[in-house]
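*Asks:* Here is what each chain is made of, one letter per residue.
There are 2 protein chains.
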Amino acid sequence: MDDIAARHTKKMRRIKAARDEMMKTKTEERGLIIVHTGAGKGKSSSGFGMIMRCIAHGMPCAVVQFIKGNWETGEKTFLREGFAEECRFFVSGEGFTWETQDRDRDIAAARNGWRIAQEQILDPTIRFVLLDEINIALRYEYLDLAEVVTFLRDRKPPMTHVCLTGRNAKPELIEAADLVTEMTLVKHPFREGVVAQKGVEF
Amino acid sequence: MDDIAARHTKKMRRIKAARDEMMKTKTEERGLIIVHTGAGKGKSSSGFGMIMRCIAHGMPCAVVQFIKGNWETGEKTFLREGFAEECRFFVSGEGFTWETQDRDRDIAAARNGWRIAQEQILDPTIRFVLLDEINIALRYEYLDLAEVVTFLRDRKPPMTHVCLTGRNAKPELIEAADLVTEMTLVKHPFREGVVAQKGVEF
Numbered sequence: 139m140d141d142i143a144a145r146h147t148k149k150m151r152r153i154k155a156a157r158d159e160m161m162k163t164k165t166e167e168r169g170l171i172i173v174h175t176g177a178g179k180g181k182s183s184s185g186f187g188m189i190m191r192c193i194a195h196g197m198p199c200a201v202v203q204f205i206k207g208n209w210e211t212g213e214k215t216f217l218r219e220g221f222a223e224e225c226r227f228f229v230s231g232e233g234f235t236w237e238t239q240d241r242d243r244d245i246a247a248a249r250n251g252w253r254i255a256q257e258q259i260l261d262p263t264i265r266f267v268l269l270d271e272i273n274i275a276l277r278y279e280y281l282d283l284a285e286v287v288t289f290l291r292d293r294k295p296p297m298t299h300v301c302l303t304g305r306n307a308k309p310e311l312i313e314a315a316d317l318v319t320e321m322t323l324v325k326h327p328f329r330e331g332v333v334a335q336k337g338v339e340f
Numbered sequence: 139m140d141d142i143a144a145r146h147t148k149k150m151r152r153i154k155a156a157r158d159e160m161m162k163t164k165t166e167e168r169g170l171i172i173v174h175t176g177a178g179k180g181k182s183s184s185g186f187g188m189i190m191r192c193i194a195h196g197m198p199c200a201v202v203q204f205i206k207g208n209w210e211t212g213e214k215t216f217l218r219e220g221f222a223e224e225c226r227f228f229v230s231g232e233g234f235t236w237e238t239q240d241r242d243r244d245i246a247a248a249r250n251g252w253r254i255a256q257e258q259i260l261d262p263t264i265r266f267v268l269l270d271e272i273n274i275a276l277r278y279e280y281l282d283l284a285e286v287v288t289f290l291r292d293r294k295p296p297m298t299h300v301c302l303t304g305r306n307a308k309p310e311l312i313e314a315a316d317l318v319t320e321m322t323l324v325k326h327p328f329r330e331g332v333v334a335q336k337g338v339e340f
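Which chain is which? The protein sequence lines are E and F, in order. First residue of the first sequence? That's 139 in my numbering, and the numbers climb one at a time after it. First residue of the second sequence? That's 139 in my numbering, and the numbers climb one at a time after it.
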């Protein structure tokens, strides 16, 4: 073994010891409130990646899509056609709000989505609920922020995970959450005239 | 229709018109070089969300995992057991580098992963390739950065998407990429003693 390799082994042994020690303190199992926000890619797709993990682990789950909905997405086809038992899939919105151009209809759709969301979260058989693009409905005040935050804090079963996605997550929601990621846009091909790509964006 | 609703309709009609006009300029179809980096959650899970989309759209895909690999993850079980034809799944690494404590073995594993990655990217039947945690192998210089970037730039088929994940993406890779997202850690329950949760983290 040469010098670099020997130094590497020693360093990694030290890291592993420190890490093993640290991991001993990480013992709590808890249902998390997870928020994916920011202008970058990956807020919804990461939620669907977690849905894949849940299905693999035999954890029943549910998706409520608040804004997307009018068009066919890969995730909707995939889950509805292949995993209807493992993952319940609900669509409340009828597209982005500039497509419907009807605020009252958008509000009614969002409130219907939130009603379904509460049922799924309270359902003791469901372990993970993805509320896709709910942050948009909260931002436009189609849903009452205090009601949503209070429900998540006080009524979510302790072992149930809820993941809320969408840009401009409200500070009160971030405050209530356990795990928050901001997807930051570094570079996007859209600016160069590239259309949304199948498999990547939908 | 009340005043707020009427103003909303007018505003949304304006947004839609501007958006429709803008969308006319977005026409190019292109295989993208996608990078997910940053210390936050969602780099790999978003990659697996895109794999779900590809499978739904009938786009054959491949995963090469560079560092994770020693343990059973939901995504590996799910894809290997359910979608072996739609998505080829390769594991090159044997765990994080502090687990193996053997630099030479890590390097050999990373290089083997990169050899497989090149084959998959060049395979004309494959439309999307996820190189999970390759950024870690690049960061530790287990792979030659210039070789990887040159290959992606010059030899990747024009319509094939490649998604590279992992912290500390190299600037040269970001420069070569089309779509880059930094997953920024806002809040993580790990700090409070919560262990990695099944379905969420793996």
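Just so you know, the hints here were simulated from the structure itself, not pulled from any lab data. Treat the hints with care, as some may be off.
Identical chains share a label here; the pair holds if one copy fits it or two copies do between them.
[What the hints assert, rightly or not] Listed next, the in silico EDC-like pairs over lysine to aspartate or glutamate satisfying Cα-Cα at most 16 Å (straight line): (1) K308 - E166; (2) K308 - E285; (3) K149 - D240; (4) K154 - D140; (5) K308 - D261; (6) K294 - D316; (7) K148 - E339; (8) K214 - E339; (9) K294 - E167; (10) K325 - D261; (11) K325 - E310; (12) K162 - E210; (13) K149 - D242.
*Asks:* All the hints need checking, so say for each whether the structure fits it.
*Replies:* Checked hints:
Taking the closest pair of Cα atoms, K308 and E166 never come within 16 Å of each other, the shortest separation being 27 Å inside a single copy and 35 Å across copies. In this assembly of identical chains, the alpha carbons of K308 and E285 lie at most 16 Å apart only when taken from the same copy (13 Å versus 43 Å across copies). For a Cα distance limit of 16 Å, the shortest separation of K149 from D240 across copies, 10 Å, qualifies, whereas the shortest one inside one copy, 61 Å, does not. In this homomeric assembly, K154 and D140 never come within 16 Å of each other (Cα to Cα): the closest approach is 21 Å inside a single copy and 64 Å across copies.
Taking the shortest Cα distances, K308 and D261 never come within 16 Å of each other, neither inside one copy (26 Å) nor across copies (45 Å). In the homo-oligomer, the alpha carbons of K294 and D316 lie at most 16 Å apart inside one protomer (13 Å), although the nearest pairing across protomers, at 40 Å, exceeds that limit. In this assembly of identical chains, K148 and E339 lie within 16 Å of each other by CA distance neither inside one copy nor across copies; the values are 44 Å within and 29 Å between. Taking identical chains as interchangeable, the C-alpha atoms of K214 and E339 lie at most 16 Å apart only when both belong to the same chain, with a minimum of 13 Å there against 22 Å between chains.
For the homomeric pair K294 and E167, the shortest alpha-carbon distance inside one copy (15 Å) is at most 16 Å, but the shortest distance between copies (43 Å) is not. Within a single copy, K325 and D261 get their C-alpha atoms no closer than 40 Å, and across copies no closer than 27 Å, so neither meets the 16 Å cut-off. In this assembly of identical chains, K325 and E310 lie within 16 Å of each other by CA distance solely across copies; the values are 13 Å between and 29 Å within a copy. For the identical chains of this complex, K162 and E210 are neighbours neither inside a copy (45 Å) nor across copies (20 Å), given an alpha-carbon limit of 16 Å.
With identical chains, the CA atoms of K149 and D242 are at most 16 Å apart between copies only, with a shortest distance of 14 Å across copies and 61 Å within one.
Taken one by one, the earlier hints fail for this structure at numbers 1, 4, 5, 7, 10, 12, listed in ascending order.
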